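Q: Just so we're aligned, residue 1 is where the sequence shown starts under the UniProt record's numbering, counting upward by one.
Derived by calculation from the structure, the hints in this document are not laboratory data.
Given the structure is predicted, the values throughout are model-derived calculations rather than measurements.
Take these hints with a grain of salt, some might be off.
[Claimed, not checked] What follows is a list of derived Cβ distance ranges for each label pair:
no., residue 1, residue 2, range
1, Thr208, Asp46, 34 to 44 Å
2, His416, Val86, 31 to 41 Å
3, Glu437, Arg160, 43 to 53 Å
4, Glu349, Leu118, 36 to 46 Å
5, Lys301, Ser558, 49 to 59 Å
6, Asp181, Asp214, 36 to 46 Å
7, Ser344, Ala371, 22 to 32 Å
8, Thr47, His416, 45 to 55 Å
[Unchecked claim] In silico DMTMM-like cross-links for lysine to aspartate or glutamate, where the CA-CA straight-line distance does not exceed 25 Å:
no., residue 1, residue 2
9, Lys535, Asp133
10, Lys399, Asp377
11, Lys301, Glu182
12, Lys119, Asp133
13, Lys119, Asp18
14, Lys56, Asp17
15, Lys56, Glu81
16, Lys151, Asp112
17, Lys151, Glu78
18, Lys119, Glu212
19, Lys151, Glu231
20, Lys535, Glu277
21, Lys151, Glu182
22, Lys119, Asp46
23, Lys505, Glu212
24, Lys301, Glu316
25, Lys301, Asp114
All residues carry an ideal CB built from backbone N, CA and C; glycine is no exception.
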Amino acid sequence: MAQAASAARTVILTVDDDPGVSRAVARDLRRRYGESYRIVRAESGDTALEALRELKLRGDLVAVIVADYRMPQMNGIEFLEQALDVYPGARRVLLTAYADTNAAIDAINVIDLDHYLLKPWDPPEEKLYPVLDDLLEAWRASDHRSVAITKVVGHRWSARSSDVREFLARNQVPYRWYSSDEPEGRRLLTAAGQDGRRLPLVVTPDGTALVEPDDPELAAQVGLATTPTAEFYDLVVIGGGPAGLGAAVYGASEGLRTVLVERSATGGQAGQSSRIENYLGFPDGVSGAQLTDRARRQATKFGAEILTAREVSGLEINGAARTVRFSDGSAIAAHSVILATGVSYRQLESPGLAELTGCGVYYGSALTEAAACSGQDVYIVGGANSAGQAAMHLARGAKSVTLLIRGESLSASMSHYLVQQITEAPNITVRTCTVVEAAHGANHLEQLTLRDVTSGYTELVDAQWMFVFIGAAPLTDWLEGAVLRDERGFIPTGPDMTPDGQPPKGWELDRPPYHLETNVPGVFVAGDARAESAKRVASAVGEGAMAVMLVHRYLEQS
Numbered sequence: 001m002a003q004a005a006s007a008a009r010t011v012i013l014t015v016d017d018d019p020g021v022s023r024a025v026a027r028d029l030r031r032r033y034g035e036s037y038r039i040v041r042a043e044s045g046d047t048a049l050e051a052l053r054e055l056k057l058r059g060d061l062v063a064v065i066v067a068d069y070r071m072p073q074m075n076g077i078e079f080l081e082q083a084l085d086v087y088p089g090a091r092r093v094l095l096t097a098y099a100d101t102n103a104a105i106d107a108i109n110v111i112d113l114d115h116y117l118l119k120p121w122d123p124p125e126e127k128l129y130p131v132l133d134d135l136l137e138a139w140r141a142s143d144h145r146s147v148a149i150t151k152v153v154g155h156r157w158s159a160r161s162s163d164v165r166e167f168l169a170r171n172q173v174p175y176r177w178y179s180s181d182e183p184e185g186r187r188l189l190t191a192a193g194q195d196g197r198r199l200p201l202v203v204t205p206d207g208t209a210l211v212e213p214d215d216p217e218l219a220a221q222v223g224l225a226t227t228p229t230a231e232f233y234d235l236v237v238i239g240g241g242p243a244g245l246g247a248a249v250y251g252a253s254e255g256l257r258t259v260l261v262e263r264s265a266t267g268g269q270a271g272q273s274s275r276i277e278n279y280l281g282f283p284d285g286v287s288g289a290q291l292t293d294r295a296r297r298q299a300t301k302f303g304a305e306i307l308t309a310r311e312v313s314g315l316e317i318n319g320a321a322r323t324v325r326f327s328d329g330s331a332i333a334a335h336s337v338i339l340a341t342g343v344s345y346r347q348l349e350s351p352g353l354a355e356l357t358g359c360g361v362y363y364g365s366a367l368t369e370a371a372a373c374s375g376q377d378v379y380i381v382g383g384a385n386s387a388g389q390a391a392m393h394l395a396r397g398a399k400s401v402t403l404l405i406r407g408e409s410l411s412a413s414m415s416h417y418l419v420q421q422i423t424e425a426p427n428i429t430v431r432t433c434t435v436v437e438a439a440h441g442a443n444h445l446e447q448l449t450l451r452d453v454t455s456g457y458t459e460l461v462d463a464q465w466m467f468v469f470i471g472a473a474p475l476t477d478w479l480e481g482a483v484l485r486d487e488r489g490f491i492p493t494g495p496d497m498t499p500d501g502q503p504p505k506g507w508e509l510d511r512p513p514y515h516l517e518t519n520v521p522g523v524f525v526a527g528d529a530r531a532e533s534a535k536r537v538a539s540a541v542g543e544g545a546m547a548v549m550l551v552h553r554y555l556e557q558s
């Protein structure tokens with residue numbers, strides 16, 4: 001049960017189901033803050049909530065809540081989500097082991113987590129107290145009212161509701177999710193004058209109600225930049241994946257007026273990865289969200305503009321200017337352009353899948369849906385690294401994960417370290433030579449028909465969740481007629497365009513194209529959209545940096 005001391009001081013509450021850890025946290029907190037704050041200790045989420053309600057009734061203030069992630073019945077995130085309703089102004093800290101850092105990162109968007117601390121936190125003078133000092137200072141500077149946060153009301157099996165949650169999460173916009181058939185969701189719908197037939201409803205921190213908003217409207221309303229501040233730049237980077245972010249960082253840091261244009265959310269496919277373990281400098285791995293957030297902040301620190309939810313529709317060559325046109329008819333121009341549009345997952349054409357996309361069938365990781373897969377059977381289609389990373393992530397909570405691949409083994413397309421991890425995971429099964437023949441379900445996915453491509457044998461399996469990671473379709477259709485592409489849509493550059501030593505058709509300069517330059521001088525390609533690229537995060541970042549070096553060379557000679 002929660003323990004209380006004197007009654008007149010503001011509370012710091014800690015909850016951990018391990019008595020030894022609970023006492024250690026309380027001991028360290030009392031040592032530093034015992035003279036000014038009342039330390040309340042609980043050993044379960046239920047008793048901690050009971051203590052918070054009692055404190056609320058007595059009118060006591062709670063400044064900080066420190067909760068352990070792994071607790072039975074109610075984990076730390078679930079507890080903090082409920083504690084948010086009682087004391088919305090309290091600062092929230094999650095204690096977690098390294099293996100659970102992804103859950104802590106996800107909680108930043110779900111419950112507006114203020115900080116997470118890795119156990120053990122010794123010495124507290126270095127790893128605990130500085131964090132608590134900053135949070136307490138921030139709490140004292142606030143007026144202790146509810147933290148303004150975006151609210152999303154939707155239905156679990158609404159495709160657009162899922163898309164909106166994914167958009168907000170990937171753009172690091174804190175939000176709270178309310179089901180339309182729960183009391184608080186119904187209250188929000190009524191307040192907005194809606195009957196729930198049109199979902200999702202998004203309520204911004206200033207109280208603006210958006211019904212079925214598209215991405216540009218949503219981005220503008222939640223504070224993401226969507227409009228360029230100038231008409232002409234030194235460099236326009238199109239695409240916000242690792243290659244685009246790398247180009248933006250190096251371009252802006254070296255003095256180029258740089259703008260990055262992203263149609264959805266920065267990070268690209270890598271940004272949706274739960275764990276990247278083979279990226280240089282991160283021996284323990286790093287999540288795609290972490291890497292993306294750091295790169296985005298780094299780019300803006302150097303002065304790069306980042307435009308979100310802007311669809312590029314065309315590229316024009318107007319003398320020395322390269323004009324980038326948007327789908328709304330507006331345009332910006334620059335001396336140079338780096339195409340870092342990346343690739344998208346190919347769509348499965350099997351019957352039933354199109355109708356169930358967003359309702360149990362997802363392309364990519366759909367990070368916001370991962371928590372709902374806990375204790376259930378999950379199917380993943382694909383055999384590359386992205387599929388393997390998703391399998392390992394989902395296997396932490398799912399009852400079982402089944403990887404479906406058309407080939408005979410994972411080793412042909414997946415990194416060795418991931419193959420080893422999947423082989424050792426007790427609840428992951430790999431079904432080779434298997435494809436999805438059809439998907440079945442009324443309003444959401446209920447069953448899959450699987451076919452063995454060697455024998456032709458089909459099997460009907462129960463399934464509510466399927467994540468698809470197949471193929472790589474370059475996002476380059478909008479370049480038709482402007483930039484040379486190969487038969488698959490990828491963009492050849494440099495020596496790949498001049499195998500016979502002759503310049504590409506229409507090339508007018510007296511030098512050959514630079515290594516990452518397209519058939520249009522001043523237009524470069526970096527990352528997965530480039531023909532014969534390595535399709536790895538490290539190589540994409542490197543190409544982004546290299547493209548900026550070539551931009552400088554192009555500008556010096558223009």
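Q: Now, for every hint given, state plainly whether the structure supports it.
A: Do the hints match the structure? See the list:
1. Thr208 - Asp46: 34 to 44 Å: Roughly 36 Å apart at Cβ, these two residues keep to the hinted range, so it holds.
2. His416 - Val86: 31 to 41 Å: 49 Å, violated
3. Glu437 - Arg160: 43 to 53 Å: 27 Å, violated
4. Glu349 - Leu118: 36 to 46 Å: About 45 Å separates the Cβ atoms of glutamate 349 and leucine 118, which means 36 to 46 Å holds.
5. Lys301 - Ser558: 49 to 59 Å: Because 28 Å falls outside the window, the suggested range is violated.
6. Asp181 - Asp214: 36 to 46 Å: 24 Å, violated
7. Ser344 - Ala371: 22 to 32 Å: At roughly 25 Å between Cβ atoms, alanine 371 and serine 344 fall inside 22 to 32 Å, so the hint holds.
8. Thr47 - His416: 45 to 55 Å: 47 Å Cβ-Cβ, so the 45 to 55 Å window holds.
9. Lys535 - Asp133: Status violated; Cα separation ~43 Å.
10. Lys399 - Asp377: Holds: lysine 399 and aspartate 377 sit about 6 Å apart, inside 25 Å.
11. Lys301 - Glu182: This hinted pair is violated, its Cα atoms lying about 42 Å apart.
12. Lys119 - Asp133: 18 Å, holds
13. Lys119 - Asp18: Between lysine 119 and aspartate 18 the Cα gap is close to 13 Å, so the pair holds against 25 Å.
14. Lys56 - Asp17: 23 Å, holds
15. Lys56 - Glu81: 16 Å, holds
16. Lys151 - Asp112: Holds: lysine 151 and aspartate 112 sit about 12 Å apart, inside 25 Å.
17. Lys151 - Glu78: Distance of about 17 Å is within 25 Å: holds.
18. Lys119 - Glu212: With Cα atoms ~42 Å apart, lysine 119 and glutamate 212 exceed 25 Å; violated.
19. Lys151 - Glu231: 34 Å, violated
20. Lys535 - Glu277: Distance ~15 Å between lysine 535 and glutamate 277 Cα, so the pair holds.
21. Lys151 - Glu182: Holds, at roughly 14 Å.
22. Lys119 - Asp46: Holds - the C-alpha atoms of aspartate 46 and lysine 119 are around 22 Å apart, at most 25 Å.
23. Lys505 - Glu212: Given pair lysine 505, glutamate 212 is violated - Cα atoms ~47 Å apart, limit 25 Å.
24. Lys301 - Glu316: With Cα atoms ~30 Å apart, lysine 301 and glutamate 316 exceed 25 Å; violated.
25. Lys301 - Asp114: 22 Å, holds
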